[in-house]
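If you count the sequence shown from 1, position 40 lands on 68 in our numbering, and the numbers rise without skipping.
Hint data in this document are derived by calculation from the structure and do not stem from the laboratory.
This structure is a prediction, so every number in the text was calculated from the model and none was measured.
The list that follows gives simulated cross-link-like pairs (lysine-lysine, PhoX-like), each with its CA atoms no further than 25 Å apart:
id: 1; residue 1: K87; residue 2: K218
id: 2; residue 1: K218; residue 2: K157
id: 3; residue 1: K157; residue 2: K87
id: 4; residue 1: K88; residue 2: K218
id: 5; residue 1: K157; residue 2: K88
Ranges between beta-carbon positions, derived for each pair:
id: 6; residue 1: S54; residue 2: A78; range: 35 to 43 Å
id: 7; residue 1: N55; residue 2: K218; range: 50 to 58 Å
id: 8; residue 1: F203; residue 2: R91; range: 17 to 25 Å
id: 9; residue 1: E49; residue 2: G104; range: 29 to 37 Å
id: 10; residue 1: Q89; residue 2: E43; range: 41 to 49 Å
id: 11; residue 1: L92; residue 2: T184; range: 34 to 42 Å
id: 12; residue 1: A110; residue 2: Y50; range: 29 to 37 Å
id: 13; residue 1: V100; residue 2: T72; range: 17 to 25 Å
id: 14; residue 1: K218; residue 2: Q46; range: 47 to 55 Å
id: 15; residue 1: S54; residue 2: I165; range: 30 to 38 Å
id: 16; residue 1: L207; residue 2: W60; range: 35 to 43 Å
id: 17; residue 1: A110; residue 2: N185; range: 17 to 25 Å
id: 18; residue 1: K87; residue 2: L167; range: 21 to 29 Å
id: 19; residue 1: I76; residue 2: N185; range: 24 to 32 Å
Even for Gly, the Cβ is constructed at its ideal location relative to N, Cα and C.
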Amino acid sequence: MFGIVQDYFENDVAEFNQIAEYVVHSNFYINWLGELLIFQQSITLSSIIAVTILSIWIKKQNRLLEYLLLIVSILGGIPFRAFILEVFSLLQSIGFRGEFHSSNFPDLKATLTIIIYGTCIFLLVRHLKNNYLTIIIPLLGLLLLMGLAFGNIVSTNVLPSDIVGGYICGGVWIFFNFLLFELFRLVLGKNEI
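Take the sequences, apply the hints, and build the full model.
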């Protein structure tokens, strides 16, 4: 995360934006990826959250902890992004000499998308017995996120660096949440013994 922020300040992302937009827009067969944006709509995101809630209820394993992980990860994503924007604002106010290229860095939709899909996929595959599904479902999730990134580049005016920044910031957020809640799970498991 710090690496991409540093690249953003040093204007190393401008070249990335130009190359990514050229590659995406030069491929004539990629225009259909704009249709994937249905997976970023509120009804789709709400549906996957509902399926995750139902799955946690059915599994009956550490329900409270898994519901807390779901709630904290998703509801904490917006304040986490706001905190990052405040850090950028603070840097500007103290006379930081770097250039701010986009007021949308990191992209809110990209941040929320990776947080919701990442958390839900983690909770859905966590207790699966089938090893193939625990590999295939996250890979399909990654392919969907890549498709959504390309679809946003094709269909919207969001900069590729903003999308990547949103994915990285959201990924950092859910990583820390997963780490924290897995530590809670270990502590609770030791107390039960």
